[in-house]
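As you go down the protein sequences, you meet chains U and G in turn. The opening residue of the first sequence carries number 1 in my numbering; numbering runs sequentially from there. The opening residue of the second sequence carries number 1 in my numbering; numbering runs sequentially from there.
These are calculated hints, taken from the structure and not from any lab test. Hints may be right or wrong, so weigh each one.
Below, simulated EDC-like cross-link-like pairs (lysine to aspartate or glutamate); rule was C-alpha separation at most 20 Å, straight line [said to hold, decoys possible]: (1) Lys275(U) x Asp170(G); (2) Lys285(U) x Asp131(G); (3) Lys285(U) x Asp252(U); (4) Lys249(U) x Asp131(G); (5) Lys179(U) x Asp252(U); (6) Lys275(U) x Asp131(G); (7) Lys207(U) x Asp131(G); (8) Lys285(U) x Asp170(G); (9) Lys260(U) x Glu329(U).
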Amino acid sequence: MKIDNFLKIIMSPKIFSYTLIWLIVLVFFGTIAQKNIGLYASQMKYFSSFFFLFLGFIPLPGGRLILLFMTINLFSSLFKRNLWQLKKFGIIIVHLGGLLLLLGGGLTAYFSSEGNMIIAEGETSNYVDDYHDMELVFVNNTFKDSIEYTVVDEPLLKEGNRFNLFENGPEIYILSNIKNVRIENRISPADSIYKGLLEKFVLLPKKPEPENTQNRPALIYKIQGTSNGLDGIYGLFLGQGLNDYFQLKEQDFHSEYRRKRTYVPFEIELIDFEKIMHPGTNVAKSFSSEVNLIEDGIPRRTLIKMNEPLRHKGYTFFQASFIENLDKETTVLATVKNYGRLFPYISSIIMSVGLLIHLLISLPKMIKKKST
Amino acid sequence: MNLKRINILFLYFGLSMLTFFSSLSAFEVENIPVQSEGRVKPLDTFARNLLLRFYGKREIKDQKINATDWLLDLILYPQEGRQRKIFNIRNPEVVSSLFLDWYTDHKYSYNEIIDGLSSQVDLINTIEQKDNSIRTPFDKQLLELSENALIFEKLSYMKNIKLIPPALLDENAVWQSPFDFIISGVTPSYHQEEILNSLQQYLAARFQNNDSEIKHALSNYENVLSGLSFNSVNVEKLKDETWMNSANLFVKSLAFYILSFLIIGLSWMVKPVLFRKISYLFLIIGFFIHGYGILLRMQIMGRPPVSTLYESVIFVSFILLLLAVLLEYFRKDGLGIFVGSVGGSILHFIGFSYASDGDTLGMLVAVLDSNFWLATHVTTITIGYGASLVAGFVGHLYLVQNILDPVNSKKLKSIFNNLFGITLVALFFTLFGTILGGIWADQSWGRFWGWDPKENGALLIVLWQLLMIHSRLSGIARPPLFALGMALNNIIVALAWFGVNLLQVGLHSYGFDDGVARNLYLFISFEILFCLGLYFFPRLKSRFQTI
């Protein structure tokens, strides 16, 4: 009996109305918040979360929970007995389409990844830079024919974290993880514990920009147990030109702080980047990258244009941006792997078919009403 | 039935006359092609846009001179041109910084402002270094004025009037000004020389006021242009655009809508049937002129109806009118005419306030420059906006009817049925417009949904309409509450349409809006007060009556 009542509530269209009201409130305030905290932070806080804290201490349901609830409500409402009538056939189909759209959204939320592939003209790349996550990398330069990377992922790089780089290897102690850094000259000579960049400069946090891509993150860490006595405190920031060199396990290493890389099972070579402007203006008319898609050493030539991406092996490459240097141009290809990609396409077709059927079913009724 | 046939005949005749006249007209100096802001346009549009920039309006009304004549006079008689009061300065601080007196018409000549400007070069340079977000209104206007003065100076010796097509007839190549040939000493190619010659011939004839020579020069000019095998130059299109500039079609459609509104008002007092029919006729005439204007713009730019905010306003009002005309056709009681004439007029006025950045027929940034998606997503979502506004409007009328004549339940019910039907239409278009937008985003940015303000705005409309429909069907909302909800839907449409540009975040923020915020707040507060008032008035009244 109790379960029956519970089911009744879950599948009730009234519940749907109330969840809609909350979603409207959420979307409204989540959008307003973007002006202050930026698109990404607001998306994380309000839409991609199950709960968020209002005023810092009141937990309220976030977008994911609401959409999950809506999906359950929509799904269970399909079991209502009085729904399954021929005259409601179109309506059933429309709601199935909506359900599919929500399911696709869930799939995308959990199983998609995105980032940038940045390639200069004439160069080749096989990895994607994450938009948000960083990684600390120790590069082993000892071997002539190969490079060995030891990668520390973002979750380990929290302030106060300690870990060993290899088994019984040197210990890393994260002193500070800075979202957006300001680099300043040291006024007085540094303590001898500061090494590398930090001998001459200090890394200070500054207010993060709303758009995450405009931030320059940095990391300050302490390393102990190097074999050439270079233990000390080091600083690293994104895009740093000079590297710090260590000897670890009697081998030569240097460290880098970079955007998290994901490797793709093929390579892309940029042959030529082209930008066409509306004549006599600074307004771009089109961007395009002529690339070689290299797989098993065999190149295939293809053109990536605005609104015309390259799709290969589940990855999609979009012409997103470019960097203009004096000597050569660099293309920025937004790269996405998304298993839920086709859902919106399918569900919109299903929903339009459903509406069409509903229209055809109710048309005779409407005409009859008019003639009486 | 008879009246309807006459309508159609009349319109057909009118439209064919319009096109006939615009194509037969001779090649005038206004039609000469110029390349500016990324496309080839007639000299008339070029000159009008300059005037809009300097003077704030597209023509100088009180001096009885059209834009092209003003520009040519400036070239031929630069001394007089520099004394013409052409610069509109709205800021008294700027005026006093130029050592000038504050005139009530705010108009100053080049000779008046140039001394003041050149004595402040250092200040202007400092302003130029500043980021736009920290410039004060004074900074912005002074900078704008100094830029305008520079443009004006170059105009007088034709340095920035790109009249000469490139030597290689390539669509993406930059055209040259007559000045380029004098200074750089480039030898013109054959067709360039021919154009330069006809231009020189024309200017000389104009200087001597020799009418027959002017005609001769222009026909030469036209022959050279027609002889070019160049896609960017199409003499007929140039003529069409010049004609459209002078015809001011949207002002005419507005006039018909206002007229229609006045007559429907009259019909409430005397001869209801006759005046309602006349009013309907005017509404339809206005609607066709309106549609023809949109069609012409589409032809000239070669792209679907909506690509800028201005065009979206004009197109939304077109959709609103379409639905209103249909509503009137089915109801025949003046309700559709009322919705169409009032809604159409309001939207026209809103459109005119955006005309300065949209009516100039500018070019689009790369991501938007896709006719397929402009045609599908943007058009669908704009139709959705239009239908939502009609639903909102009918929602208001339902609430008013509920106060004026609550006992006439048959009429109330019929208005409600129309309201519900239009809401379904609106939901259909906003929902698919939003999904299509997601698919476009998936095609060009790689994600279907990114919680971007513009996307969220469209989503809010969809959610609100879903909420209203489900609340009605599940019995939470009775018809008056549903009508209130749809009336308030206007606020959400306004926020999604204009409001998101104020946030200035995300990939969609190609909008630009100073001062829109205040109007938006006014509109929102007014709507909330007005609709809630309409909704609660009958309840309070009945409570007082029972006491």
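Status of each hint after checking the structure:
In summary, the hint linking Lys275(U) to Asp170(G) is supported, as the alpha carbons are separated by about 16 Å, within the 20 Å threshold. Of the pairs offered as hints, the one joining Lys285(U) and Asp131(G) is violated, with about 26 Å between alpha carbons and a cut-off of 20 Å exceeded. With a C-alpha separation of about 49 Å, the suggested pairing of Lys285(U) with Asp252(U) is violated against the 20 Å cut-off. The suggested pairing of Lys249(U) with Asp131(G) is violated, with an alpha-carbon distance near 52 Å, which exceeds 20 Å.
A C-alpha spacing of about 29 Å is found between Lys179(U) and Asp252(U), which places the hinted pair above 20 Å, so the restraint is violated. Between the alpha carbons of Lys275(U) and Asp131(G) the distance comes to roughly 26 Å, so the proposed pair goes past 20 Å and is violated. Among the hinted pairs, Lys207(U) with Asp131(G) is consistent with the structure: their alpha-carbon atoms are about 19 Å apart, no more than 20 Å. A threshold of 20 Å between alpha carbons decides the hint, and for Lys285(U) with Asp170(G) the separation of about 15 Å falls inside it, so the pair holds.
At most 20 Å may separate the alpha-carbon atoms for a hinted pair to count; Lys260(U) and Glu329(U) exceed this at roughly 23 Å.
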